[in-house]
Structures are given as C-alpha cells and as structure tokens.
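Chemist: Each chain, written out:
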Amino acid sequence: MINPLLRRTLLCASLAFLPTLAAAAPAIGQAAPDFSAVDSKGKPVKLSDFAGKPVVLEWTNEGCPYVRKWYGSGEMQKLQRDAAGMGAVWLTVVSSAPGEQGYVDGAGADAMVSKAKAAPAHVLLDPEGRIGRSYGAQTTPHMYVIAADGKLAYMGGIDSIASTRIEDIPKAEPYAREALQAVVAGQAVSKPVTRAYGCSVKYKG
Amino acid sequence: MNKHAQPPLGLLLAVLFTLLCALLGTTRAQALESAPVTSPHATVSLVSESDRFEADKPIRLGLRFVLAKGWHVYWRNPGDAGQPPQIDWKLAAGAQAGEIEWPAPVRYRQGPVMNYVFEREVTLPVALTLPTDGGIVEADADWLVCADVCIPEKGHFRLTLQPGTPAASAQAPLFVAADARHPVPAPFATGIAADGALSVAAKAGDVPLRAAWFFPEKWGAVEHAAPQPFQRAEAGFILRLKPGQVFDPKAHLKGVLLTKDEDGLERAYQVDAAPGAVDIGRPIGVATVDSESPAQDDGTSLLRWIALAFLGGLILNAMPCVFPVLAIKALQVARAGGAARREVRQDALAYTAGVLGAFLVLALVFLGLRGAGIAAGWGFQFQSPAFVIGMAWLMFAIGLSLSGVLEFGSRTAGLGQSLAARGGLAGSFFTGLLAVIVATPCTAPFMGAAIAAALSGSAAQALTIFLAMGLGLAAPYASLALFPGIARRLPRPGRWMLVFRQAMAFPMYGAAIWLLWVASTQAGDSAVLLAALGMLALALAAWAWHWHARHPGAAWKGVAGMAVIGLVLVSLRVAGLQPETAARPLQAQQDTAAEPWSDARLDALRAEGKPVFVNMTAAWCVTCLVNEKVALGAPAVAEAFSRAGVTYLKGDWTRADPAITRFLRNYRREGVPLYVFFPAGNAAPVVLPQILTEKVVLDHLSLPSP
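Chain order of the listed sequences is Y and Z. When we follow the numbering used here, the leftmost residue of the first sequence carries the number 5, and every step to the right adds one. When we follow the numbering used here, the leftmost residue of the second sequence carries the number 118, and every step to the right adds one.
Okay, chain Y solo, but in the shape it has when bound:
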C-alpha cells in the first residue's frame, strides 16, 4: 500500500512531468524531430542524413498480430519496395524494450528482414524508446511520412480498417501509401492525421 502522502506527491510529480512527455509529439507541417540511432548493422543513422529525400518511418513488432497481417500478406514488403522505387527512404523502427514482445538485437533484426523478405533501407534499434517517444509512436504499425524538406507530412494508421484480417487490406483506404504518393508528387496530403491502429508499442518502463 502506498501511503496517501507519497501517493499525492507522486501524483503532483506526474502532473508536472507527463505533459512535457506528451507535448513532445510532432506536428504536421513542422520540422520532424531529428534523431540519431544505430541500425541493425551497428551503423549510426541520423534523420538529417536523408535531407532532400522523403522518409517513411514504420514502427514494428514482429509478434504483433497487426504487423503480421501486413507482413504475412506481403503488402508491407510491397509498400517498402514501392517507396524505394519512388526515391523514398524507408526506416523500420523497433522500440520494444529488452524482454518485451518484438525486441530484437542487430542480428535478430537482420534475421527478421531476411525471413520476411522485407526491404527497408535500415532497421533502427530503439530499445530505450527515445525515437518512439519523440514521435509519439503508440502502435505497431504506426506510420510517419516526412517530406523531402524535412517537414512532417503524415502520421497515423497504415490504412483505414483497424483489424487483423488480411482480407480487409484491399477494402481499406491506404492512408500511408496515399500520403507517400502525395509527398513524392509534391502535393498536400489529404488526410495528414489518422488513427493509428495496432498493438501498443512495448516501451521500456
């Protein structure tokens, strides 16, 4: 049992602390938060390395049934190859903490990619959840599209039907793909913010 005084103190502390966490979430049309991380090969990667190119951020967790819907159908891999074809850089981010579902080390991430025949430019290892928290990533998958000028153009769901059923993919409105196409064509994204659906990101703590 926590005594009432301690409880109150904790509450006040969380009151002071939590808004700053939430306030860090990025906004559409603003510069996307920069980050630096290591990828699965141990190579340092910064967002600013890709200045001048559109960037797609994909949060993943290979154990999550929503992620499996997209990799199991081959649709995620297809979207990754299409993005590369459009000149965009695809970054897959793993924010699961060690011991949590979806956590991988470098070798694990490479194995995951080769097994799924996936085609990201890099898999970023984020076991501390720093990138995830700075973007406010909540689900797997959670998609972000950053325009060539470094401004955030899209954040939200990969498509419009929140389910784990593969047969829903052709019926859904493909938000992430449409956003990427608009960004590549230099147009405004028609739905820049949508509801991200999926499993919660398994953050540390």
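In case anyone wonders, no lab produced these hints; they're calculated from the structure. Treat the hints with care, since some could be wrong.
Below, computed lysine-lysine pairings styled on DSBU-like, alpha-carbon distance capped at 30 Å [stated by the list, open to error]: (1) Y/K208 x Z/K367; (2) Y/K208 x Y/K175; (3) Z/K812 x Y/K195; (4) Z/K186 x Y/K175; (5) Z/K812 x Z/K727; (6) Y/K175 x Z/K812; (7) Y/K175 x Z/K335; (8) Y/K195 x Z/K335; (9) Y/K119 x Z/K359; (10) Z/K359 x Y/K208; (11) Z/K335 x Z/K359; (12) Z/K335 x Y/K155.
Simulated restraints on C-beta separations [stated by the list, open to error]: (13) Y/K119 x Z/P157: 56 to 64 Å; (14) Z/P157 x Y/S40: 36 to 44 Å; (15) Z/K371 x Y/E177: 19 to 27 Å.
For every residue, glycine included, the Cβ atom is placed at its ideal position computed from N, Cα and C.
Once you have looked at the hints, place chain Z on chain Y.
Modeler: Okay, now just chain Z, sitting in the frame of chain Y:
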C-alpha cells in the same frame, strides 16, 4: 430421568436450518448461455437476459467475456491502441439487432500509451427484436484480447430462445452489472473550451466528487494519455483535457464522464459538451490528477470500510428485525445472572461464533453467486416464498418451545437449574446464526455502502468486511465474554424467568404472522394455506413429542410420525412455490399517495423537469415499513410533497425485480431501503439516509433547487 438431554432449542434450530438451506436451493431461473469459446486468455459466450422472447418485442443478448488475470478487451474507443470487439449477427429474416450498449471502461496505461479497456469480466448488451420463428440466434464475433501482448480471437455463438412470456434468466444479473456501469445522460450542463477545458456544472454538494475522468467517444479529439487535471469550482468543476490531433474547437465533444466520490465509488454519465464554457463560478483550491489505480486497492479506504461495517453491524442490533432473536438472547443473558463466569464466557463466545459463522456463510454465498455471474442483493433470500415460509415455521417452532409445549427431559430438577442447563453452547451458537438470518431484511445505516464495497472488492476484502459486520452485530454479547462480571449484576434466576420465557414466545408468534403476510404478497393465498398447514403439523408433532417424553408409547410416536410426514409433504409443495409473476396488488399499489415505480415513468417525469421522490421498498424490509409509517406517511410530508408538486414513485422489491436491482446498483446499493429525491429541473439526485424521520425528509425536500 435424563439430566443431559439434548437442549431442544439447539437441535430444533439445527434441523430447521438444514431444511431452510434445502428450500433455498430449489428456486433457480433457467440458464441461457451459449457454449463458450475458450482460450487461456478469455472465455467468451453469448448470454440472454430473458428466458423467452415475444415476437417483435426487444430483448437483450450480450457477449460475455471472462478474462484471465492481466488480460483485457477494449472499449468502443480503444484509446491509443487496440480494437473493440465486433459482433456480426446471423439472424432470421425480420429480426433486428441494435448497437452494443457499452459500459464505462477502465484506464490501462502502458508508458505513453493509454488504452480504454475492460478487465476481469464484462458483458456487452445488445437489444434484439426477433420474429416469431426467429428463436435461433447466431453470431460471429471477433475480439482482440491483450495483456502486454495482443491476441486476435474469434468465435461462433449459437443460442436458442423459446417463444413465450419473458422472465429473467439466470444470466440476467450480468446485464444488471453491465447497466450499473452504463452511462446515464448527464443531468448537468457541460461545455468544451477551445483550449480543451471541459467545464461541468455539477454541484459539488449534489455529487460528492473527489475525481473525474473523461473518455472521448471517438479517437483523436482528446489526447488519451495526457493527464486530466481536475479542479473544483463554486458550482461545478473543470477537467483540463489536452486537445488531440483532430480536436475541433467548433464541434461538440461526446464521451463518457466517470466521476468518483469520496468513497471511491464511480458513476458514469453520457456527455455531449457544447463548444464554449458553462457557468460554474470561480475555481476553488488546486487542481489534482486522478490516480489510475482502483480505489479498492487503497489500504486506508479498506480500514474505513471495516470500521463502517462494524458500526453497521452494531446498529443492526437496534433494528426491528433482530428483535425476535434478541428475545431469545435476553433469556440467555437473564440466565447468565446465575451462571459461573466460565459458562457466561463460553456462552457469549458460542453466540459470537454463530454470528460470525453465519456472516461467513453469507459472504461465501454472495461470492459464489458473484463467481457464477449471478448478482444477489442483501436480503435476497427473502425473495423466495419457500424461504419466507420456512422462516415462519422456524419462528413458530421457537415460539412453541418458549411456551413450553416443546420440551424434553426432567421436570423434577430445580426450575432454575433446568433453565440454566437449557440452551447450552449449541443453542447459543444457533441463536447467533438465527440472529444474522433474521437481520438480513433490515439494513442499518452504513451497511448498504459497506456491502456494496465488499462485493466490488476482492474475495479476501469481502470476507473481511462481512466479518467486521458480524463482529459488530455480536459485539454487545461478545463484551459479556470479555467482562463476565457484568452478568453478575443481573438478577438471580427464579420463577420470574419462567414467566419471562413464556412471554418471549409472543414476539416469535408475531414474527411468524408477519412472515405469513410477506409470503402472501409473494405467492398468493395458497402460500398462506400451505404455511398454516405446516404450522398445524409442527404443533401436532410438538404436542405428541411432548407427551411421548413423559409417557413413552407407540400411539404418541405414531401421531408425531404422522405429523412429521405431513410437514414433509407440505414442505415439498412449498418448495415448488414460485413467486407470482402476474401483476397483483402489492403493498406499493395500496399506498394511495404513491405511483408504482418504473424506469420509463421516472424518465418521463425527469424529462419534464418535475421533482420526483423514489422509494425502493419490500414487504419483508422492516426498516422500510417503519420509515413509511413514521416519516413518509406523515401528514406533513404528504403536504410538502403536494405543495412542491413532487411525484412519489414506489418500487417494490418483495419479489426479485431486475429493473429495481439495476436501479439500486446505480446508487451502489445491494438492498432496500433506498430513497432518492430528484429535485425540479436538471439538478442532480439526492440520496436520503436509510433511517428516515419526518424532519430528515422535509430537510431534503427543501433543498434550494438550482
């Protein structure tokens, strides 16, 4: 001559208790639950609220989830992640299914991710109308069940309903539990400012508020994970919400507002906040943030509940229900005047053990019913006519024993000695049990809330609270065990005790008459005939036994045997008695000033903004009857009602009525009486105390209405 004859009172009580338990087990509603779909995380089934259906009249089915510890399913707005359960009905042509009537969820935070979920157990009700040939209902459902990982699951469910007049099924209490958390339309105005401040014009005096939380109906309007600082104001409160990614300051904000009072009890309101702010006066004090842990985990609040439960039990001694038992107890105390210290102590301890034992059994029965998904209220056993008649027989038999018809053993031993020897430890123990059984139709102040807290907490907590209540009830006699010296101050036994004992038989006969009347309101005049025949058989058996003890002979034995057979035959008929379902002039309708309560009538009156006084009562609830005589029936109260234009609605819980049980649950009560005053306009309802006086009622009526 047998000096150590088994004390008749103890034996009698033991036999009758066994009989009562058997009677209580006989009335069970029909179970209506589909075959479950089971995984290690969730057991899911389709349940029906009623046992039958009428063509084109809505009935409710529900998807019931029983979740493994640590696992949850999602609300209609699942929050930042997750997905709500979906039901795809496969119905006969002409059938219709409504939307899920979502109960309010709980918050589940994982780091920066906030989800709105259901844990442990939830039933999601849906209204259906079926055509005459549409009794087979099938549904495909899929749901996401998550702990730290998520598993999508699905199942096919099939339930067959018979056409006929609907009555509550055994699963109906699951719907009561769901309705208890179903949001009611907010009786107060709300506004949403451009900065996300939700102003709520609920007066703190009406709703004892400690905290509140807003659940948006749809994703995106509000940041789910952001804290919602709560600040009181002169005439309401503010919740500072953080606008979400698609917040529109010009649009209405819909969702569910969950408020928590000082005792940690929650209420859910459906809110449709208009853009802007409503007038709530100046802010008071500092903002606080609600903790996400349930109130029951709070050690200080458990201690408070234990203290309240103990006090409730203690006050129960002064309530009219317990009076017949106190008569027996008074006898034993009187006897104690001549007894040795050690005997007095043992006797008091045996009584305490009896009381605690009965509370333990009661708590286990409650928990067992809850585990089986059946909700029961305090005093629920009195809703069974078989139980009421059994109790009437018990009271009658004790009366016979006190009158001296039913006696064993020596008549030659000294009178004082005979009286002192009678009863014994078994007698005291069963007196304790009996005290609890007859006490249940009365509730004392503090008890209703304590029982509700017990039933909403863990099993260990429920047992603790129930035992505290038992200790309170036993306390006056338990103190005899601690201070046996008190007993020495009582007068010595003598001839006066025989007179006293015989006089005490009359309250017992009185109690039996009252129980006969209760049975007549439940199951009609045939119940009275059966009950009286049983009494005849009891008296005959007692008389024959009495003479057999003095002059043993086959004739007496034969008469006693015949009488017992007669009693058993009558018992079988009694066990088959069902509460009458047809409308029948009950106590409620006999009160000319009151209209029968119904949800629809109350809603209609509230919609017109009229003041309403609701009285939830039962024929077996002595506290209720006393309150009605003393306070609600007083001319001054009737005059105040008519002057203020108050409509007086009376709900009768003498027989089980799911609608009333639901109403009670809305006010976090497990039993009657419950008095709620709805002032004119949209002011929040006021709950009156369980013990009324004229002044208490008038004071509440004259509340300044806003």
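Chemist: With 56 to 64 Å as the target window, see if Y/K119 and Z/P157 comply at their CB atoms.
Modeler: violated (27 Å)
Chemist: Z/K335 and Y/K155 were given as a pair; does the straight-line alpha-carbon distance stay at or below 30 Å?
Modeler: holds (27 Å)
Chemist: Is the hinted pair Z/K812 and Y/K195 satisfied, with a Cα-Cα distance of at most 30 Å?
Modeler: Roughly 63 Å separates the two Cα atoms, so the pair is violated.
Chemist: Starting from Y/K119, check that the Cα of Z/K359 is at most 30 Å away, please.
Modeler: violated (42 Å)
Chemist: Is Z/K335 close enough to Z/K359, meaning Cα to Cα at most 30 Å?
Modeler: holds (14 Å)
Chemist: Holds or violated: Z/K186 and Y/K175, Cα atoms, limit 30 Å.
Modeler: Roughly 36 Å between the alpha carbons, so the hint for Z/K186 and Y/K175 is violated.
Chemist: Quick one: are Z/P157 and Y/S40 within 36 to 44 Å, going by C-beta?
Modeler: holds (41 Å)
Chemist: Going straight from one Cα to the other, do Y/K208 and Y/K175 come out at no more than 30 Å?
Modeler: Violated, because 35 Å separates the two Cα atoms, which is more than 30 Å.
Chemist: Is it true that the CA of Y/K175 sits at most 30 Å from the CA of Z/K812?
Modeler: violated (67 Å)
Chemist: For the pair we were handed, Z/K359 and Y/K208, check the Cα-Cα distance against 30 Å.
Modeler: Holds, at roughly 24 Å.
Chemist: Given the hinted pair Y/K175 and Z/K335, is their alpha-carbon gap at most 30 Å?
Modeler: holds (22 Å)
Chemist: Checking one constraint from the list: CA of Y/K208 to CA of Z/K367, max 30 Å. Satisfied?
Modeler: violated (38 Å)
In this structure, the hints that do not hold are numbers 1, 2, 3, 4, 6, 9 and 13, in rising order.
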